Amino acid sequence: QVHLVESGGGVVQPGRSLRLSCAASTFTFSAYGLHWVRRAPGKGLEWVAVIWYDGSKKYYGDSVKGRFTISRDNSKNTLFLEMNSLRAEDTAVYYCARERTPYSTGFYYLDYWGPGTLVTVSS
Amino acid sequence: DVQVTQSPSSLSASVGDRVTITCQASQDIYSSLNWYQHKPGRAPQLLIYDAYNLETGVPSRFSGSGSGTHFTFAISSLQPEDVATYFCQGHDDTDDTLLLTFGGGTMVDI
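Sequence order for the protein chains is W and V.
The numbering used here puts the first residue of the first sequence at 1, with every later residue one more than the last.
The numbering used here puts the first residue of the second sequence at 1, with every later residue one more than the last.
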């Protein structure tokens, strides 16, 4: 069974930084594109970022572009999200999720998700 | 950018009822539309991919249809465990970029 577990969430002041991690197991981590998706309280799902299976391409949602950075360490089966200049509107549960089809072949549906980690931006 | 508009935003139905949700894309996205179920405190779950393909292990009462700009998701016989919020999701990969877009969600209650 594919396993994804996020960590690193917490309470942070506006303008500060936070780094999320997503540890993966029981699948060939280096073969799959990975995404971050968030859900703010009372809101819907919002796509945050994607990284290609080999790290060669990265794309971001408009609301986080220039502030967040996605990265991965294929030797440690871990995905990261570096979040800078945090705002109150970044408060959400953050999920990492795997593309169903390996090798970033252009099929963007997400078949396995972690349970999420809560980020609260508040003074 | 591709936008996806989902309706209704919420619905209430009885056990055994047929429930339908629609998703309208702002431009032709062929069959690249996916559906997820999200329950509070749980990870979202992929139900339908590429408009009509049932994900492995998902009950057959869930189905999807449509292509181009108009898509429909259905639960043929609503069960108590289906209480959740449902989201459609499309993407735009033109102009050497990628953007995934979720619909606003439909909260299904009994």
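Simulated from the structure, these hints should not be mistaken for lab results.
All values reported here derive from a predicted model rather than from experimental measurement.
One or more hints might be untrue.
What the hints assert, rightly or not - In silico EDC-like pairs for lysine to aspartate or glutamate, Cα to Cα no more than 16 Å straight-line:
1) Lys58/W x Asp82/V
2) Lys58/W x Asp96/V
3) Lys58/W x Glu81/V
4) Lys39/V x Asp92/V
5) Lys57/W x Asp82/V
6) Lys39/V x Asp82/V
7) Lys58/W x Asp95/V
8) Lys57/W x Glu81/V
9) Lys43/W x Glu89/W
10) Lys43/W x Asp73/W
What the hints assert, rightly or not - Partial list, derived from the structure: chain V residues whose beta carbon lies under 7 Å from chain W:
11) Thr20
12) Ala43
13) Tyr52
14) Val83
15) Thr94
16) Leu98
17) Gly104
Stated by the list, open to error - Coverage of chain W stretches by chain V, computed from C-beta distances (three or more under 8 Å per stretch; other residues unrestricted):
18) 20–31
19) 69–82
No residue lacks a Cβ here, since even glycine has one placed at the ideal position from N, Cα and C.
Hints versus structure:
no. : hint              : in the structure
1   : Lys58/W x Asp82/V : violated, 35 Å
2   : Lys58/W x Asp96/V : holds, 11 Å
3   : Lys58/W x Glu81/V : violated, 37 Å
4   : Lys39/V x Asp92/V : violated, 26 Å
5   : Lys57/W x Asp82/V : violated, 37 Å
6   : Lys39/V x Asp82/V : holds, 9 Å
7   : Lys58/W x Asp95/V : holds, 14 Å
8   : Lys57/W x Glu81/V : violated, 39 Å
9   : Lys43/W x Glu89/W : holds, 11 Å
10  : Lys43/W x Asp73/W : violated, 31 Å
11  : Thr20             : violated, 19 Å
12  : Ala43             : holds, 4 Å
13  : Tyr52             : violated, 12 Å
14  : Val83             : violated, 17 Å
15  : Thr94             : violated, 12 Å
16  : Leu98             : holds, 4 Å
17  : Gly104            : holds, 5 Å
18  : 20–31             : violated (count 0)
19  : 69–82             : violated (count 0)
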